[in-house]
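Below, each chain spelled out in residue letters.
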Amino acid sequence: FVGVVNWIIKNFTLLIIMDISKVTPEEKLKICRKYFIIGCFALPFVWFVNVLWFFRDAFLRRNPPPPPKLRTYVGGSMIGFLIWLSVLIIWTCVYQTQRVNWGSAGIKISFVLPSGIP
Amino acid sequence: MADTDRQIMPDLWSILIGCILLSSLYEHNVSGSQLFHVPTVYQRIYQEVTGIEACFRLINATSQIGCSASPKNVSGVLWYAESQDNISSVLNDPPHSPYIVILEPDLFTSENIQDMKESKHVNGIVFYYDKQNPIIPELPGGVFSPGKTCPNNDLVDVECDRSWNVNGSGLNFMDFNNFAVFAITNNDSYNNVLKCYEDHNRGAEGGYGDFPLCSAELEANMDAVLSTPECYERANVWTNLGVPQCIPLGDKNVWGTLFEIQDSQDIIIVATKLDSNAFIPYLSYGANNEVAGIVTQLAVADALGRMKRDGTLNATEKAIMFVFYHGESYDYIGSSRMVYDMLNNKFPYKRDSGKQQPPLLNLTNITTFLELSHVGIQHQYNTESPVYYLHTNQKGKSSSLHDYLINITNKNITFNDTTADSLPPASAQMFHRRDKNVPVIIVSDYDTEYNNKLFGSHYDILENLIHSDMGLSPSHPLIIQLQKLALSLATALLDVSNATVNGGRSPEVDSEKIIELLDCYLVKTNCSLFREVLSPSSLDNLGNEPLSRYVTVNTIANFETQYTFNLLANFTGVVDDTIDTCKKCEKENSDSNQVYTFTHMSGDINHSSDSKDCICVKSFTHYHEATSPAFDMKDYNSKEYSTWAESNWSGISMRIYLVTFPLFEVAILLFGLTLFTISVFVTWQCNRKGRQIFAVTANSPAVHT
Numbered sequence: 001f002v003g004v005v006n007w008i009i010k011n012f013t014l015l016i017i018m019d020i021s022k023v024t025p026e027e028k029l030k031i032c033r034k035y036f037i038i039g040c041f042a043l044p045f046v047w048f049v050n051v052l053w054f055f056r057d058a059f060l061r062r063n064p065p066p067p068p069k070l071r072t073y074v075g076g077s078m079i080g081f082l083i084w085l086s087v088l089i090i091w092t093c094v095y096q097t098q099r100v101n102w103g104s105a106g107i108k109i110s111f112v113l114p115s116g117i118p
Numbered sequence: 001m002a003d004t005d006r007q008i009m010p011d012l013w014s015i016l017i018g019c020i021l022l023s024s025l026y027e028h029n030v031s032g033s034q035l036f037h038v039p040t041v042y043q044r045i046y047q048e049v050t051g052i053e054a055c056f057r058l059i060n061a062t063s064q065i066g067c068s069a070s071p072k073n074v075s076g077v078l079w080y081a082e083s084q085d086n087i088s089s090v091l092n093d094p095p096h097s098p099y100i101v102i103l104e105p106d107l108f109t110s111e112n113i114q115d116m117k118e119s120k121h122v123n124g125i126v127f128y129y130d131k132q133n134p135i136i137p138e139l140p141g142g143v144f145s146p147g148k149t150c151p152n153n154d155l156v157d158v159e160c161d162r163s164w165n166v167n168g169s170g171l172n173f174m175d176f177n178n179f180a181v182f183a184i185t186n187n188d189s190y191n192n193v194l195k196c197y198e199d200h201n202r203g204a205e206g207g208y209g210d211f212p213l214c215s216a217e218l219e220a221n222m223d224a225v226l227s228t229p230e231c232y233e234r235a236n237v238w239t240n241l242g243v244p245q246c247i248p249l250g251d252k253n254v255w256g257t258l259f260e261i262q263d264s265q266d267i268i269i270v271a272t273k274l275d276s277n278a279f280i281p282y283l284s285y286g287a288n289n290e291v292a293g294i295v296t297q298l299a300v301a302d303a304l305g306r307m308k309r310d311g312t313l314n315a316t317e318k319a320i321m322f323v324f325y326h327g328e329s330y331d332y333i334g335s336s337r338m339v340y341d342m343l344n345n346k347f348p349y350k351r352d353s354g355k356q357q358p359p360l361l362n363l364t365n366i367t368t369f370l371e372l373s374h375v376g377i378q379h380q381y382n383t384e385s386p387v388y389y390l391h392t393n394q395k396g397k398s399s400s401l402h403d404y405l406i407n408i409t410n411k412n413i414t415f416n417d418t419t420a421d422s423l424p425p426a427s428a429q430m431f432h433r434r435d436k437n438v439p440v441i442i443v444s445d446y447d448t449e450y451n452n453k454l455f456g457s458h459y460d461i462l463e464n465l466i467h468s469d470m471g472l473s474p475s476h477p478l479i480i481q482l483q484k485l486a487l488s489l490a491t492a493l494l495d496v497s498n499a500t501v502n503g504g505r506s507p508e509v510d511s512e513k514i515i516e517l518l519d520c521y522l523v524k525t526n527c528s529l530f531r532e533v534l535s536p537s538s539l540d541n542l543g544n545e546p547l548s549r550y551v552t553v554n555t556i557a558n559f560e561t562q563y564t565f566n567l568l569a570n571f572t573g574v575v576d577d578t579i580d581t582c583k584k585c586e587k588e589n590s591d592s593n594q595v596y597t598f599t600h601m602s603g604d605i606n607h608s609s610d611s612k613d614c615i616c617v618k619s620f621t622h623y624h625e626a627t628s629p630a631f632d633m634k635d636y637n638s639k640e641y642s643t644w645a646e647s648n649w650s651g652i653s654m655r656i657y658l659v660t661f662p663l664f665e666v667a668i669l670l671f672g673l674t675l676f677t678i679s680v681f682v683t684w685q686c687n688r689k690g691r692q693i694f695a696v697t698a699n700s701p702a703v704h705t
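Line by line, the protein sequences give chains A and B.
21 is the number that our numbering gives to position 21 of the first sequence; each next residue is one higher, with no gaps.
405 is the number that our numbering gives to position 405 of the second sequence; each next residue is one higher, with no gaps.
Incorrect hints may appear among the rest.
Computed Cβ-Cβ distance ranges for the label pairs, DEER-style [claimed, not checked]:
no.: 1; chain 1: B; residue 1: Ser650; chain 2: A; residue 2: Ile90; range: 43 to 53 Å
no.: 2; chain 1: B; residue 1: Ile668; chain 2: A; residue 2: Ile90; range: 46 to 56 Å
no.: 3; chain 1: A; residue 1: Phe59; chain 2: B; residue 2: Thr239; range: 16 to 26 Å
no.: 4; chain 1: B; residue 1: Lys120; chain 2: A; residue 2: Phe59; range: 48 to 58 Å
no.: 5; chain 1: B; residue 1: Ser63; chain 2: A; residue 2: Gln98; range: 40 to 50 Å
no.: 6; chain 1: B; residue 1: Asn541; chain 2: A; residue 2: Ile90; range: 51 to 61 Å
no.: 7; chain 1: B; residue 1: Asn92; chain 2: A; residue 2: Ile90; range: 18 to 28 Å
no.: 8; chain 1: A; residue 1: Phe59; chain 2: B; residue 2: Pro212; range: 36 to 46 Å
no.: 9; chain 1: A; residue 1: Phe59; chain 2: B; residue 2: Trp684; range: 42 to 52 Å
no.: 10; chain 1: A; residue 1: Leu43; chain 2: B; residue 2: Ile556; range: 28 to 38 Å
no.: 11; chain 1: A; residue 1: Phe59; chain 2: B; residue 2: Thr677; range: 43 to 53 Å
no.: 12; chain 1: B; residue 1: Gln114; chain 2: A; residue 2: Gln98; range: 52 to 62 Å
no.: 13; chain 1: B; residue 1: Lys634; chain 2: A; residue 2: Val2; range: 54 to 64 Å
no.: 14; chain 1: A; residue 1: Phe59; chain 2: B; residue 2: Tyr46; range: 40 to 50 Å
Not close to chain A: a few residues of chain B, all C-beta gaps over 10 Å, as computed [stated by the list, open to error]:
no.: 15; residue: Pro71
no.: 16; residue: Glu159
no.: 17; residue: Arg234
no.: 18; residue: Gln562
Worth flagging that the hints you see were computed from the coordinates, not collected in a lab.
All C-beta atoms in this analysis are idealised placements derived from N, C-alpha and C, irrespective of residue type, glycine included.
Construct all of the structure, not just a fragment, from the sequences and the given hints.
In structure tokens, the structure reads:
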């Protein structure tokens with residue numbers, strides 16, 4: 001059990017401490033990469049958080065230049081998130097406007113249907 | 001300074017706690033004394049309107065009808081429509097739109113309702129209806145028929161080639177989406193609504209007043225949408241837990257015979273329909289749709305039953321079966337179910353060798369199907385020589401019952417053949433469409449067009465049959481007409497069924513009984529006849545209103561069905577003198593005997609409602625399930641059987657309140673937001689500069705990190 005806790009602390013330091021200013025650039029790269037991989041499992045908000053945390057470090061900081069791979073991971077996260085966002089927006093718009101026209105098929109894919117309106 | 005601070009804080013807290021305790025004590029003391037009654041904030045704003053009957057949504061295989069105020073409640077400023085001009089002005093650019101119209105009953109016409117529905121200035125309608133003393137208003141031409149021109153024409157293979165109901169507007173079957181129509185049945189509530197209008201809305205010289213204005217909000221959100229198949233499909237959505245938001249319409253048919261049915265005996269069915277419908281369903285009284293028919297049929301059953309009981313009538317070669325079908329106003333629910341059960345060998349009961357059962361009946365057993373459809377309004381309504389028309393599907397062929405009725409000469413009543421070519425809307429259609437060889441005779445007061453100008457409305461009440469101020473008495477033309485009709489039918493039935501009658505006596509129809517039945521169904525249910533034939537525990541349900549005859553959903557048992565069952569049992573059955581308590585009579589009904597039923601009734605003994613004394617009547621009267629076969633087969637798209645279902649709703653209510661002009665409301669909102677922003681800003685600044693403002697030192701107890 002202690003071993004598991006240690007493993008969690010070692011790998012998810014950022015998640016627990018939530019204070020990014022105290023982390024070294026190498027660790028930042030490791031964290032960024034980890035989050036990028038996690039986000040590949042259909043978790044676009046993990047990518048979004050990745051971008052939010054490391055955008056300044058990857059693209060705007062010049063004094064200690066950021067590790068080069070940081071940019072790729074942050075860039076990849078950003079592109080992935082934007083793709084997901086547009087797909088979700090398009091699907092939501094199509095569903096909300098067209099579900100009534102789909103009849104039974106529309107009902108079968110619905111989770112909640114408010115009563116009283118078609 | 002610090003010490004006094006510490007002392008002040010506890011004192012403030014104690015004062016606050018003291019106030020809370022005092023106010024709670026105050027609330028508890030309210031119940032006794034009116035003087036100290038403190039209305040809640042809600043009660044200061046809203047006044048609830050009670051005693052409402054609403055127009056609600058019904059759905060079938062393809063459409064939704066009725067009213068629904070979805071997704072938001074319907075609201076608007078009150079507008080009182082006293083004359084047709086008021087209605088025109090509310091439709092043409094009135095100020096302070098939208099409105100809820102208080103409608104005078106004289107203006108309740110199909111055109112007005114439709115115009116108001118289509119207008120964006122009117123969101124809802126309320127009107128007054130006195131359930132205990134309903135009166136027919138002065139409608140244009142005395143006509144208001146919101147039924148269809150050919151009722152029940154939706155099903156497949158139903159004959160409908162002419163407009164039987166010429167005045168029909170079809171209002172009952174229209175969709176009123178985002179609209180509400182309420183009938184206020186409580187006199188005080190209605191007066192409150194009018195008073196609110198008079199005090200605030202009525203302007204000078206009939207014009208319109210200015211803010212603050214009295215408004216109303218009508219709540220009637222219907223859960224089901226679009227159609228019955230949609231309702232059941234939506235039940236499959238995960239979060240609905242498989243429960244549909246609608247319930248099928250239905251109830252039970254009541255049928256009974258005079259004698260036990262023998263194996264392979266032919267039967268003569270005498271039928272009428274038990275339910276009615278109207279724009280506001282719970283205000284369906286249907287005096288000529290079909291209380292007149294029900295009363296006549298019960299009078300015939302009574303006449304023949306008395307003959308049986310006093311030994312004059314010993315047996316009949318063909319069994320006479322009296323049937324009262326329920327749900328007929330909504331695509332023939334009861335009759336289609338009976339035909340379905342007959343064809344599937346389930347009528348009257350599914351074969352069970354362990355039980356004593358009546359024999360299975362099929363369409364081939366039926367030698368004649370006689371139906372009473374609209375028998376209360378003669379073309380010349382005060383005639384004492386009524387004329388009835390026979391609609392039959394055996395034109396040109398001879399049928400003994402038809403010929404007997406046509407050839408009646410000596411009783412001041414005439415039966416004529418109709419000039420129409422097809423059958424009118426009637427339960428007989430369900431038998432005719434499955435087997436054109438079943439001889440069908442429909443007795444009606446109309447030839448090719450309904451005489452009932454108020455068909456399908458909530459004004460089809462006793463006054464529609466009586467037409468005058470004369471009270472009901474044996475010399476009233478209506479009673480004479482119905483008595484003659486019942487007598488002719490009774491003698492015809494005895495003749496056609498080859499009855500064995502002692503001494504050649506003829507039946508006698510009791511006019512007093514007809515008057516009592518009309519009074520019980522159409523004036524108030526708390527009448528002596530109902531008090532006699534119902535069990536003591538049912539007497540509490542009797543009231544001072546006519547009997548509402550909407551079929552309702554199939555999970556609710558209507559009072560009307562039970563009352564009719566008990567009446568038929570009482571008229572055709574025999575009192576068992578050996579059983580004198582209600583419980584013993586109930587116990588006589590065993591699961592293994594489906595031939596007899598024992599019904600306990602109060603009789604004409606005087607007793608309290610928890611009395612254990614009953615008379616026990618043994619009869620051949622039964623209930624038969626009247627739910628559409630479409631729901632059993634789960635074929636919700638069916639065009640063969642009724643698919644009518646009633647939508648669920650979470651609440652139907654109405655409240656009135658005052659509103660002020662919209663700009664004022666916006667101003668208050670902005671003021672509140674500004675106040676909020678300012679107070680947030682001030683608090684934030686105080687927080688940041690707190691040390692400077694309050695000049696705290698390191699030793700003060702108020703210092704904390």
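Given the hint of 51 to 61 Å, is the C-beta distance from B/Asn541 to A/Ile90 inside that range or not? Hint holds: Cβ distance 59 Å, inside 51 to 61 Å.
Kindly confirm whether 16 to 26 Å is satisfied by the beta carbon distance between A/Phe59 and B/Thr239. violated, 44 Å
Is the distance from the Cβ of B/Lys634 to the Cβ of A/Val2 consistent with 54 to 64 Å? holds, 59 Å
With respect to the beta-carbon atoms only, verify the hint that B/Ile668 and A/Ile90 lie 46 to 56 Å apart. violated, 41 Å
Taking the beta carbons of A/Phe59 and B/Pro212, is their distance inside 36 to 46 Å? For B/Pro212 against A/Phe59, whose Cβ atoms are near 60 Å apart, the range 36 to 46 Å is violated.
A range of 48 to 58 Å was offered for this pair. Does it hold for the Cβ distance of B/Lys120 and A/Phe59? Cβ of B/Lys120 to Cβ of A/Phe59: about 54 Å, so the range 48 to 58 Å holds.
Nearest-CB test (10 Å) between chain A and B/Glu159: Since the minimum Cβ distance to chain A is about 33 Å, B/Glu159 lies beyond 10 Å and the statement holds.
Hint says 52 to 62 Å; check whether the CB-CB distance for B/Gln114 and A/Gln98 agrees. violated, 31 Å
Assuming the hint says 28 to 38 Å, is it satisfied by the Cβ distance from A/Leu43 to B/Ile556 or not? violated, 51 Å
Is it correct that the beta-carbon of B/Gln562 has no partner in chain A closer than or equal to 10 Å? At about 33 Å from chain A, B/Gln562 clears the 10 Å cut-off, so the statement holds.
CB of B/Ser650 to CB of A/Ile90, is that within 43 to 53 Å? violated, 35 Å
So does B/Ser63 sit 40 to 50 Å from A/Gln98, Cβ to Cβ? violated, 22 Å
Consistency with the previously given hints fails for numbers 1, 2, 3, 5, 7, 8, 9, 10, 11, 12, 14, 15 and 17, ordered from lowest to highest.
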